[in-house]
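Trainee: Top line first, the protein sequences correspond to chains A and B.
Under the numbering used here, think of the first position of the first sequence as 74, with each following residue one higher.
Under the numbering used here, think of the first position of the second sequence as 385, with each following residue one higher.
Any given hint might turn out to be false.
Said to hold, decoys possible - Straight-line distance between alpha carbons at most 30 Å, and here's what the computed DSSO-like set of lysine-lysine pairs gives:
id : chain 1 : residue 1 : chain 2 : residue 2
1  : B       : Lys-538   : B       : Lys-551
2  : A       : Lys-196   : A       : Lys-95
3  : B       : Lys-537   : B       : Lys-505
4  : A       : Lys-273   : A       : Lys-208
5  : B       : Lys-735   : A       : Lys-344
6  : B       : Lys-466   : B       : Lys-935
7  : B       : Lys-840   : B       : Lys-735
8  : A       : Lys-273   : A       : Lys-196
9  : A       : Lys-273   : A       : Lys-255
10 : B       : Lys-782   : B       : Lys-830
11 : A       : Lys-255   : B       : Lys-801
12 : B       : Lys-537   : B       : Lys-501
13 : A       : Lys-344   : B       : Lys-618
14 : B       : Lys-901   : B       : Lys-933
15 : A       : Lys-95    : B       : Lys-782
16 : B       : Lys-538   : B       : Lys-618
17 : B       : Lys-538   : A       : Lys-344
18 : A       : Lys-208   : A       : Lys-281
19 : B       : Lys-840   : B       : Lys-901
20 : B       : Lys-735   : B       : Lys-782
21 : B       : Lys-834   : B       : Lys-776
22 : B       : Lys-735   : A       : Lys-332
23 : A       : Lys-332   : B       : Lys-505
24 : B       : Lys-618   : B       : Lys-532
25 : A       : Lys-95    : A       : Lys-344
26 : A       : Lys-255   : A       : Lys-210
27 : A       : Lys-210   : A       : Lys-281
28 : A       : Lys-332   : B       : Lys-801
29 : B       : Lys-538   : B       : Lys-466
30 : B       : Lys-532   : A       : Lys-344
31 : B       : Lys-896   : B       : Lys-840
32 : A       : Lys-257   : B       : Lys-801
33 : B       : Lys-618   : A       : Lys-332
34 : A       : Lys-95    : B       : Lys-801
35 : A       : Lys-255   : B       : Lys-776
36 : B       : Lys-501   : B       : Lys-532
37 : A       : Lys-344   : B       : Lys-537
Since the hints were derived computationally from the structure, they do not count as laboratory data.
No experiment lies behind these values; they were computed from the predicted model shown.
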Amino acid sequence: MTDYRGQHPAWCPGCGNYSILKAFKDAMIRLNMEPHQLVIVSGIGQAGKFPHYVRCNTFNGLHGRTLPVATGIRLANHEMPVMAFAGDGDCYGEGGNHLIHAIRRNINVKLFVHDNQIYGLTKGQASPTSMEGIKTKNQPFGVFSEQLNPMALAVALDCSFVARGFAGETEHLTWLIEEAVKHKGFSLLDILQPCVTFNKVNTYEWYKQRVYHIELEYNPEDRTSAFNKALEWGERIPVGIIYQNHRMILEERIPIIRKAPLVRQSVDLLKLEDTLREFI
Amino acid sequence: MDYSIKIGGEAGQGIQTIGDTLAKVFARSGYHVFTHQDYESRIRGGHNFYQIRLSENHITASKERIDIIVALDRESIVQHEKELTERGLIIYDSSVLRQNYREPHFMEVPFENIAVKSGGKIMANIVAVGAVLGMLGIDLTILHEIIKDAFNKKGEEVVMGNINASKAGHDYALTNCQRCSFSARNVHKTPLLPLMLISGNEALGLGAISAGLKFYSAYPMTPSTGIMNYIADKEAEYGIIVEQAEDEIAAINMALGASFAGVRAMTGTSGGGFALMVEGLSLAGMTETPVVIALAQRPGPATGFPTRTEQADLQFALYTAHGEFPRIVFAPGTPEQAFFLANKAFDLAEKYQIPVIIMTDQYLADSQWTLERIDLNSIRYTDYRLRGEGFKNLAAYKRHAFTQSGVTPLGIPGDAKHLVVTDSDEHNEEGHIVEDAATRINMLDKRLFKKLPLIKQEIDPPVLYGNNNPEIVLVGWGSTYGVLKEVVDMFPAKRAAMLHFSEICPFPTTDKFDYIKMLDNASLAVCIENNATGQLARLIRAETGFEFKHKINKFDGRPFMVSNLLGDLTACIDRL
Ligand SMILES: Cc1ncc(C[n+]2csc(CCOP(=O)(O)OP(=O)(O)O)c2C)c(N)n1
Ligand SMILES: [Mg+2]
Chain A
74 MTDYRGQHPA WCPGCGNYSI LKAFKDAMIR LNMEPHQLVI VSGIGQAGKF PHYVRCNTFN
134 GLHGRTLPVA TGIRLANHEM PVMAFAGDGD CYGEGGNHLI HAIRRNINVK LFVHDNQIYG
194 LTKGQASPTS MEGIKTKNQP FGVFSEQLNP MALAVALDCS FVARGFAGET EHLTWLIEEA
254 VKHKGFSLLD ILQPCVTFNK VNTYEWYKQR VYHIELEYNP EDRTSAFNKA LEWGERIPVG
314 IIYQNHRMIL EERIPIIRKA PLVRQSVDLL KLEDTLREFI
Chain B
385 MDYSIKIGGE AGQGIQTIGD TLAKVFARSG YHVFTHQDYE SRIRGGHNFY QIRLSENHIT
445 ASKERIDIIV ALDRESIVQH EKELTERGLI IYDSSVLRQN YREPHFMEVP FENIAVKSGG
505 KIMANIVAVG AVLGMLGIDL TILHEIIKDA FNKKGEEVVM GNINASKAGH DYALTNCQRC
565 SFSARNVHKT PLLPLMLISG NEALGLGAIS AGLKFYSAYP MTPSTGIMNY IADKEAEYGI
625 IVEQAEDEIA AINMALGASF AGVRAMTGTS GGGFALMVEG LSLAGMTETP VVIALAQRPG
685 PATGFPTRTE QADLQFALYT AHGEFPRIVF APGTPEQAFF LANKAFDLAE KYQIPVIIMT
745 DQYLADSQWT LERIDLNSIR YTDYRLRGEG FKNLAAYKRH AFTQSGVTPL GIPGDAKHLV
805 VTDSDEHNEE GHIVEDAATR INMLDKRLFK KLPLIKQEID PPVLYGNNNP EIVLVGWGST
865 YGVLKEVVDM FPAKRAAMLH FSEICPFPTT DKFDYIKMLD NASLAVCIEN NATGQLARLI
925 RAETGFEFKH KINKFDGRPF MVSNLLGDLT ACIDRL
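Chain A extracted, bound-state conformation (with noise of 0.2 Å):
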């Protein structure tokens, strides 16, 4: 556990945040992995300051662009698990296009979203997932444009794993960050986490009121009733593996790193004399 203590955190006292801080180390000791074993890739944000907070190798980058880094990575190693952090409005909404295309590619990146339903760093605004008619001091007359669902998107795309999770269950969110890991494929962990400070609707006990645990007998597998699942928003909201198919992932289609990841493949310039002559 000390392994991965990191800086003090910067988040308010009671933050969800700290739950999910846990959450991830106690599954990292289950899955017996290592610090340096492995990539975070964060974006800016109250989320995006997770690396900091644990000891990881860690590529800390813009606000939005998590995604791309980490699909950069996994490309150059894929070996190396890589994990995204991000806030819903990070990766919901300024990096909205990455998602869809990290999905399409099925790059084997696992993303864990602390969706507080607001902008927390900037102090409040809405984001895509708060719920409509929510007002914030840029939106005085309330949230016109209706929330976004991830995971009704997320099925939609056919993405390998979709899930989510609630920060006031830390040992059932342990249990998911542990399932997305161990799942081959791109990984959305939607994690609900009631930012103290700024949503004062969706609040720890909004969301006790409401999240239950999925079925055991419920089958991930089966598309339909996942949509059908994630459609689900409201008086109840379900939290655990909503829909999770064994896609190929996009580092088993590249030829050239089947016998080895990119990082470790030599450079061989003795080739150039030869492609020199193609062009006479």
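On the provided structure of chain A, position chain B with the ligands as indicated by the hints.
Mentor: Okay, now just chain B with the ligands, sitting in the frame of chain A:
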């Protein structure tokens, strides 16, 4: 001997096939070749042309006057008939153009009819190639080798069909071209040696490969796409991953991810896409992640002229991106420079852990030049990374540790127990987010002030061509190299010189070569640029205080041509 050939027609008619094939025949025969293309942003229709110049001497630009026009559409005649030299000829197929031209400078060659007789209408283009070679008195041996190479996979029948079609076109020209006074026949005692024929985009791609490129991510955008095409073609052979990103923002961030993970990475685009990459450029600066960016310019603003040429993004490349960090900007002027500067770009990007931008434009990207050879002994390859055992054996490691040179060795994440941490926020030596002023100052000292003087020493001075003590100096950068060089050669009494900048940022010092003194001493110094405002002239003034009194700017989306530029310069001299 110095001939120019223009193939004009609609998009989709096969101008490129005819042009590429002829250029290859000439180069393999040992002639010096220069080609350039002018096309519209459409897949079918419109009017495009492909221009080829061939000579026994070194040539580096296109000429205005044409000796043979292959007119595949009427527009070729409307637009280019006036460019014909006195002995020039236009060949055309009246059944395609639906018109007959009686004047003596026209020669009808029934491309389609001859093709049908040789095996199929589809071979009309090879008939045209045969006819042009016939007009020039070049025999078909080399063309037939090229046909075999190209069509062997499609079977004997296709090969023979094309060979027969070319022969028929050739024979037709020999029999019917009474006015043909061209002679490209080899009159040399020693046979000419075959030359390489390479485009700017190919040379840049190959230069990157010569530097150990392993990862290229990009979103297609003319005129940079040719780089991606070339590298993708070499993917399997050299073990390179080419990833087509969902947008340019993703493209540069993927390249940064791959570079962080330990491989040499590159992206390429044109102005609009580069605008989207700008935040990523700044990220490379902050995280000290090596990356090479090819910026192939086209006329802007916005979508501009998608398929044409301009040099209007110099100031953009120099100053864009928030914050202050070192960068290098190169602007090759020839395929050879494109090759070597791409090679150097990777070396310096990794040595100093900075972004390097290589600027080209449509003219250089698409034009082809002949070269005797590329000297592979001059390429550089040093792996500056901390890998495997070397990394493991370190007692401790901090990704952004303060060092004498400002450069901290780049460890490969996962190769050792040492963690590799970096951040787009200001960070401490470990790479973790901080807010304090002292670390900030030390980090700027490391990233910027310590590295910059070292980087400056890597920059070569501008190239001087012509008189060492010139009366007239033509100053340029990037793709105008070839045309400036030819214009210098045309000045009487060798009074002129070209001063060409291809390593632009950091701006070359005058330590090794005092080019400013040379400019001061000249009676005429003209800055010649393919843009409206004279961006290099402005840069030179900012960097050195030298102010150009004379500028020649062309911003119609077309490249400079030798005699037009000479005309403009003569006017400049007359006004002195
Ligand atoms: C390109 C860019 N635009 C805007 C910002 C400002 N910004 C930083 S974080 C953020 C939103 C944070 O919301 P979220 O991603 O949900 O993270 P949270 O703080 O809620 O964890 C914004 C708008 C930025 N850093 N970069
Ligand atoms: Mg948020």
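Trainee: Look at each hint and say if it fits the structure.
Mentor: Right, here's what the structure says about each hint:
1. As the CA atoms of B/Lys-538 and B/Lys-551 are separated by approximately 20 Å, the hinted pair is consistent with the 30 Å bound.
2. Distance restraint check for A/Lys-196 and A/Lys-95: the Cα-Cα separation of roughly 24 Å lies within the 30 Å cut-off, and the hinted pair is therefore satisfied.
3. With a C-alpha separation of about 20 Å, the suggested pair B/Lys-537 and B/Lys-505 falls inside the 30 Å cut-off, and the hint holds.
4. Between A/Lys-273 and A/Lys-208 the alpha-carbon distance is near 10 Å, which keeps this suggested pair within the 30 Å criterion.
5. Distance check on the hinted pair: B/Lys-735 and A/Lys-344 sit about 24 Å apart at the alpha-carbon level, within 30 Å; holds.
6. Note on B/Lys-466 and B/Lys-935: the hinted pairing holds, with a Cα-Cα distance of about 29 Å set against a maximum of 30 Å.
7. The suggested pairing of B/Lys-840 with B/Lys-735 holds, with an alpha-carbon distance near 13 Å, which does not exceed 30 Å.
8. A threshold of 30 Å between alpha carbons decides the hint, and for A/Lys-273 with A/Lys-196 the separation of about 13 Å falls inside it, so the pair holds.
9. At roughly 35 Å between alpha-carbon atoms, A/Lys-273 and A/Lys-255 are farther apart than 30 Å, so this suggested pair is violated.
10. Taking the CA atoms of B/Lys-782 and B/Lys-830, the gap is about 14 Å. The hint holds against a cut of 30 Å.
11. Under the criterion of a C-alpha separation no larger than 30 Å, the hint pairing A/Lys-255 with B/Lys-801 is consistent with the structure, at around 22 Å.
12. Taking the CA atoms of B/Lys-537 and B/Lys-501, the gap is near 23 Å; set against the 30 Å cutoff, the hint holds.
13. A distance of roughly 11 Å separates the Cα atoms of A/Lys-344 and B/Lys-618; the hinted pair therefore holds under the 30 Å criterion.
14. For the suggested pair B/Lys-901 and B/Lys-933, the alpha carbons sit about 15 Å apart, so the restraint of at most 30 Å is met.
15. Our distance criterion of 30 Å between C-alpha atoms is met by A/Lys-95 and B/Lys-782, whose separation comes to about 26 Å.
16. Proximity of B/Lys-538 to B/Lys-618 is assessed by CA-CA distance (about 22 Å); at most 30 Å being required, the pair is judged to hold.
17. Taken as a hint, the B/Lys-538 and A/Lys-344 pair is honoured in the structure, with Cα atoms around 27 Å apart against an allowance of 30 Å.
18. This hinted pair checks out: A/Lys-208 and A/Lys-281 have alpha carbons roughly 22 Å apart, not beyond 30 Å.
19. Restraint check for B/Lys-840 and B/Lys-901: the C-alpha separation of about 20 Å stays at or below 30 Å, so the hint holds.
20. At roughly 17 Å between alpha-carbon atoms, B/Lys-735 and B/Lys-782 fall within 30 Å of each other, so this suggested pair holds.
21. Straight-line distance between C-alpha atoms of B/Lys-834 and B/Lys-776 comes to about 27 Å, which keeps the hinted pair within the 30 Å bound.
22. For a cut-off of 30 Å, the pair hint linking B/Lys-735 to A/Lys-332 stands: about 29 Å separates their Cα positions.
23. Our distance criterion of 30 Å between C-alpha atoms is broken by A/Lys-332 and B/Lys-505, whose separation comes to about 47 Å.
24. Restraint check for B/Lys-618 and B/Lys-532: satisfied, since their Cα atoms lie roughly 22 Å apart, inside the 30 Å limit.
25. A distance of roughly 51 Å separates the Cα atoms of A/Lys-95 and A/Lys-344; the hinted pair therefore is violated under the 30 Å criterion.
26. Under the criterion of a C-alpha separation no larger than 30 Å, the hint pairing A/Lys-255 with A/Lys-210 is inconsistent with the structure, at around 41 Å.
27. Restraint check for A/Lys-210 and A/Lys-281: satisfied, since their Cα atoms lie roughly 26 Å apart, inside the 30 Å limit.
28. Proximity of A/Lys-332 to B/Lys-801 is assessed by CA-CA distance (about 24 Å); at most 30 Å being required, the pair is judged to hold.
29. For the hint pairing B/Lys-538 with B/Lys-466, the CA-to-CA distance comes to about 41 Å; that exceeds 30 Å, so the pair is violated.
30. A threshold of 30 Å between alpha carbons decides the hint, and for B/Lys-532 with A/Lys-344 the separation of about 24 Å falls inside it, so the pair holds.
31. For the hint pairing B/Lys-896 with B/Lys-840, the CA-to-CA distance comes to about 12 Å; that is within 30 Å, so the pair holds.
32. The straight-line distance between the Cα atoms of A/Lys-257 and B/Lys-801 is roughly 25 Å, inside the 30 Å bound, and the hint therefore holds.
33. Under the criterion of a C-alpha separation no larger than 30 Å, the hint pairing B/Lys-618 with A/Lys-332 is consistent with the structure, at around 18 Å.
34. Restraint check: the Cα-Cα separation between A/Lys-95 and B/Lys-801 comes to about 22 Å, which is no more than 30 Å; the hinted pair holds.
35. As the CA atoms of A/Lys-255 and B/Lys-776 are separated by approximately 28 Å, the hinted pair is consistent with the 30 Å bound.
36. As the CA atoms of B/Lys-501 and B/Lys-532 are separated by approximately 20 Å, the hinted pair is consistent with the 30 Å bound.
37. A distance of roughly 24 Å separates the Cα atoms of A/Lys-344 and B/Lys-537; the hinted pair therefore holds under the 30 Å criterion.
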